Every structure is written in C-alpha cells, then in structure tokens.
Amino acid sequence: MSDDLSKPFSQSALSHEEILKINRERRIQITAFAFMIFLTLLAFLAVGMEMVEPGFTIPFILLLAVVQFVLQLFYFMHLKDKDHQWPNAFMMTGIVVATPAVIALVLLLGVTKY
Amino acid sequence: MATETAANNNKSVLWDWLTTVDHKKLAVLYLIAGALFFIKAGAMAIFMRIQLMSAENTFLSGQTFNEFITMHGTIMLFLAVTPLIFAFMNFAVPLQIGARDVAFPFVNALGFWIFFFGGLLVSLSWFFGGAPDAGWTAYVPLSSGEYADLGLDFYVLGLQISGLGTLISAINFIVTIINMRAPGMTMMRMPLFCWTGLVTSILIVFAFTPLAAGLALLMLDRIFGGQFFMPDAGGNPVLWQHIFWIFGHPEVYILVLPAFGIISEVVPAFSRKRLFGYTAMVFATLIIAFLSFMVWVHHMFTVGIGPITNSVFAIATMAIGVPTGIKIFNWLFTMWGGKITFNTAMLCASSFVPTFVLGGVTGVMLAMVPVDYLYHDTYFVVAHFHYIVVGGIALGLLAGTYYWYPKMFGHKLNEKLGQLMFWLFYIGFHLTFFIQHILGLIGMPRRVFTYLEGQGMETMNLVSSIGAFMMGAGVVVLLINIVYSAFTSERITVRDPWDARTLEWSTTTPVPEYNFAQTPQVRSLDPWFYEKVHGEGLMKPAEPMDDIHMPNGSILPLTIGLGLFVWGFGMIMLEMANPIITPWIVIGTGVIITFGSMLLHSIHEDHGYHIPLDKIKKIEKEVG
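Chains as they are written, first to last, in numbering that gives the first Met the number 0: chain U, 0 to 113; chain Z, 0 to 623.
Bear in mind the hints are in silico, worked out from the structure with no lab data behind them. Small disclaimer: the values here were computed from a predicted structure and weren't measured. The C-beta atom is built at its ideal place from N, Cα and C for all residues, glycine as well. There's no promise every hint is true.
What the hints assert, rightly or not - Below, a sample of chain Z positions facing chain U; criterion: calculated Cβ distance under 8 Å:
#	residue
1	Leu149
2	Phe205
3	Asn235
4	Leu238
5	His241
6	Phe292
7	Thr308
Chain U extracted, bound-state conformation (with noise of 0.2 Å):
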C-alpha cells in the first residue's frame, strides 16, 4: 500500500470535470492578480504624479488598499469558496480580534507619548 507512492504516477486521478475546475480557478487567479497589479499601479502613480492633490491621494490609496486586502482575502485566500467554512471562520476571527486591537494600539500610542 504505502510502498505504491513513492513509485512515479503515470495518469492523473482527477476527473475531467476537476481539471476543467483547476483551469478555471487557474484562470481566476491570474485575473484577480492582473487586476491587483493594475490597482498597485494606480497607487504608485497617484503618489508620483503632484498634480493630484495629498488631500485626495491619501484616502485614495486608502480605498485601494482596502479594495486589495478584500480581493486577497477572497481570491487569494479561498474566502470564497463552497466548503470552506473553518478556514473562513479562522480567518475572520483573526480580523475581528486584530483590528480593534491595533485601532486601540495605534489610538493609544498617539495619545501618550514618553
């Protein structure tokens, strides 16, 4: 039995329908990648170009950036798959736990200085 799998497969075990799925989850990803790219893009340039104004640039890769952490989550992190529940959970739980603390961390911090 377990002497089997050291020996080199010769034919994939996956169904047809699977492969289809990894090709088009492949094809997702690559999407989800490109377009975060593009959005990182668009950060560099709002810092590199002075004609936008800081006042507008500053929330404006803000947004991007919350934009990027949702796209990651979802497509990077498998948030958005079908039977993904724990991992889901987890990750959510570390959300709900960190962020108070570091607004906490970061509001506190600015208050007292030694």
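Assemble the complex: chain U is given as a structure, and chain Z must be docked to it using the hints.
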C-alpha cells in the same frame, strides 16, 4: 506501557522515547518535563517565602530574590503549566474524539522538543552570570541592555524558541479537533475538554504571535542595537507593555480554559450526572476567549493612559465575569442532586469552584480603576492571581492527574495519600494566599525582597510562609504517591475504572498504540455512557477491522530542537564579554543542524508502516 505490545521492532527503550511520535508517549514526556519545571519553580517559591518569613531577613540577597521572582513566574507560566496542559491535551483529546493520533504526529513531537530545548535555554542562564531579573513581564527599560545583564538574553531567546514549540503544537491541535473526529462526533457532541482545548489552541495562535513579535523587537534592541523601546532614540517603552499584555492576558485564559475543561470532565463523572448546560458552557468558553483579547489595558491602569480608555477596559474586564459566572453555576448545578463520590480527583475539582470564585471576585475588584490605583503592585494582586493560577489551574491539573492516571499508567494513585496531599495542598494554599490579600491592603508592595520591623507585616508573612511549606509538603506527598502507587497499586485491566462518560474510557487499558482497533460510531453526547445505558456496553464500530497505518518514529524533532537551542545560545554569545569560541561559529552550527534536519525530513520518504490485521486481533484479545 501500552504501546510496547504493539511495537513492531525491538528498539531500545531510550531510543523509543526520544524518537516517539505517539501522542500518548508525548503526553508522558510533557508530563515529566512540566513536572520537573514545576518542582524547580516551586522550590524557588519556597526559598522566597523563607526569605520573607521574618523582617529584614538576609537568607537571599536582593539580586537573587529578583532572579527568583522572575524565574518563578516565567517557568510556571511558560514551562510548567503550559506543558502540563499539553500533556493532558495530548493524551485525552485524540482519545476523546475517537482518533488514532493527532493530525500531524511528527509536528506533535517537534512541538515538544522545541518547547523543551527552549526551556533548557532559559534555565541555562543560571550558569552564565545569573538568571533574568526584570520580572516575568520584563518591562523595558528594566529589561533593556542598559539595566539588565545576560540573563535577559536567555529570557528573550529561550522564550522565543519555547513559544515556537507551543505555537506549532496548538496549530496541530486545531487541525486535529476539526478534521479527525470520529463519525457522529459533531462539534456539539465533543467533550468539554476538547472544546476548551480547541479554544485554547486558537488563543495560542492569536496570542503567541504578538509575544513572538515583542520578543523579536526586544532582541533587536538588546543584541543588534535597535531602538524600539529606547525613549532617547525616539522609541516608546509603553509599546512593550501593550504588546506584552496583548499576549499576557489571553495567556492566562490559555492556561485556565483547559483547567475548566478538566473540571467539566471530572465533575459529571463523579456526580453521576451529565454536565449541566453543555451548550451554555461551550458558548461561555468562546465568549471568554473573545473577551480575553479586549481587556489587556487593565494591567496598565496606572500607566496614565487616560480615564476614558481605563473605563472602557474596566467595563470589558467586568463583562468577563458573566460567562465565567455561567460556568460556575453550571458546575454547581451538575453537582446538585448528583450521587457524588468524593475521591481525590473530585475533591480537587469541587474545591476548585469556590476557590476560583474568590479569585474571580478579587479580579473584578481589581478591574475598578479608582481602587486599582491602591491595589496596584501590592500583594493584593499577588493573592488575586495566585487564586486563579493555583486555586484554578493547579487544582484543575491535580484533578486531571488523579482522573486520567489509570488510563495513562495502568494503575490508580493511592487514595489515602491522595487525600492527604489534597488537604495539605488546599489548606496550605489558602493559608499562603488568603492572608496576602490583607498584606496587600495594608500596603506591602510585591516584588520586594524584605520589609522593616514594626510595620505589622511579620506575623502575616510568617503565616503565609507556613502555608507555602504545607503546599510544598503536599507536592512531596504527591511524588511519594506516584512512586508508592507504581509499586503497590493493583494493575487495572478494565476499560473504565471510574464508570465515566466520555470516549477515552471505551479504549482498553493499557491503550494500544493505535487507540481504537475500529473507529467508533458516536451516537450521542457522552457516547460511552450512552452505549453503556442504551447500547450493548461497547462502542459500535464505524468501520470493519483492517490493517492500521501508523507513522514511524523519528529523531529529527529532537535534532531540530537541538539546532534551535545551539542557534539561540550562539545569539546570546554575541553579548558575552569573552566567549570561548566565535559566536558566529555556534550560530552557524545551530542553523546547519536545524535546517539540515528539516531538509533531511523533506527528502527522506517515510510513509509509515502498517500493523497487520492478525497482530491487531492478537493484541485486542490480550488486553480486551
């Protein structure tokens, strides 16, 4: 041991234990390592109480006393209680969910060895110019390069390494509990010890990462000239306090939740009733876990953060009293009307409840900001948290020891010696710590190595020390009991010596290497009790008898741990005045051992082995 019968080769006993990946043997290793560290830190406590027995005592110098308070706290939290809860989690969780082992047996062994070598590194500090002396909280600037010597480097790197081991063990348990449950064992049918084990593991993942980050920053400050906590260079020492307590408060719950779990197993078993309010218990556990991340500033009320922040965190802290109260009442209602057997395990478990309430009440008192300015840094705080960690965690662990001992080692602990231990420990505990509330209220500051005559503190400190000696005697009686019972107790051959309720008691004693010859089919909460009452007295199998696939042992977890140890020691040598050899050689050796072992594990194909069917049948006939 159980596993000897199933071992398929004739390895030497020592080699077998060093290379084991079996969760039951790792539980024993955790138990031994944790007990050794526990005795060490307990001895330090006794020394400190001797020093404080009379006014202006000169038994210990101030420096030694500081080293003892630091090491006592650090060892008890990171190197004694943490491995002891992992010992019981390792032993009980796979058995309670009906699994053959944890999800990643190799990682389980790795977690143990990394923890062990990290603990060894911290302990090594005694031989290199003294232990860390900045308190277990290691507040900067006290722990900065300016004020603290080499000992703090051992603290930083030792805890970094042992924390890594704890972290990977926790991840292993999360995966195990989510993926390895037997058919029919839904989440809401899991024994409460598994639930608290799961929640503890989640807390470890979220809390030990900030600690690792904080320790890394402190290491950069101390060894590589960083400035994160140096106010002169634009750093902020309060940042360390925040990071430490973001970790430190969940850490307390990491330790106490498994104790809650043990109590929730022992109380129903010896009350002959199912746990009252199982669902409420589960959700109370989850709420406590969530709130534990929202209250860290209550350790820092006197830092001067401001009244609004303090009030918010005070209210959040008091809110924790609600789910904890739910748990207390559920334990009381479980015992209410039950047919209670007061053996040692049940004595520990039932006395846990009022003791823990006392610790909780003083906790809510400390949460009130205005009076916290009075309590802060006095013995009142010391009394409060010892009521939680000794009255809560230690009693829980003792209950677990007496409860699971027959399953782990094949014989019960002596009941007479057990009850003697309990009363010595329990009376000694209250004698030591109850009076410290009053000492704190009349103004004795914590972490001082002596006090003056005529301040009204001599008698109370003497009483406290006498209590500490009684607790010490209790632990000695426990050790005598372990040796005595090993020789005199009768061997247990039945599956279920306590007539208990959960799945681990459906396995044969001693537990064979593969735990369950056939994975059991779970039909209810408290599945073993259900089968005894409604079924045929044995678990229904969920699969036919077949060969069982088991993982091979490996020495690599030990060598990875050893490599990290050498690596960490090399980093500390960078700070030594005249190291014997160049530190970079030692660092390089450590790196090579660590990553070489990892590489070896990656390229070496190891698919484990199979226990053939006829051998399983033979073992089952022997032990069943």
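Hint by hint, here is what the structure shows:
Because the smallest distance between the Cβ of Leu149/Z and any Cβ of chain U comes to about 27 Å, over 8 Å, the interface hint for this residue is violated. Annotation: Phe205/Z was flagged as interfacial toward chain U, and the flag holds, the nearest CB pair being 6 Å apart, inside 8 Å. About 6 Å separates the beta-carbon of Asn235/Z from the nearest beta-carbon of chain U, less than 8 Å, and the hint is met. Proximity of Leu238/Z to chain U holds as hinted, the smallest CB-CB distance being about 6 Å (cut-off 8 Å).
With 8 Å as the threshold, the beta carbon of His241/Z comes within range of chain U, its nearest partner Cβ sitting at about 6 Å, so the hint holds. Because the smallest distance between the Cβ of Phe292/Z and any Cβ of chain U comes to about 5 Å, under 8 Å, the interface hint for this residue holds. Proximity of Thr308/Z to chain U holds as hinted, the smallest CB-CB distance being about 6 Å (cut-off 8 Å).
Checked against the numbered hints above, the structure violates only hint 1.
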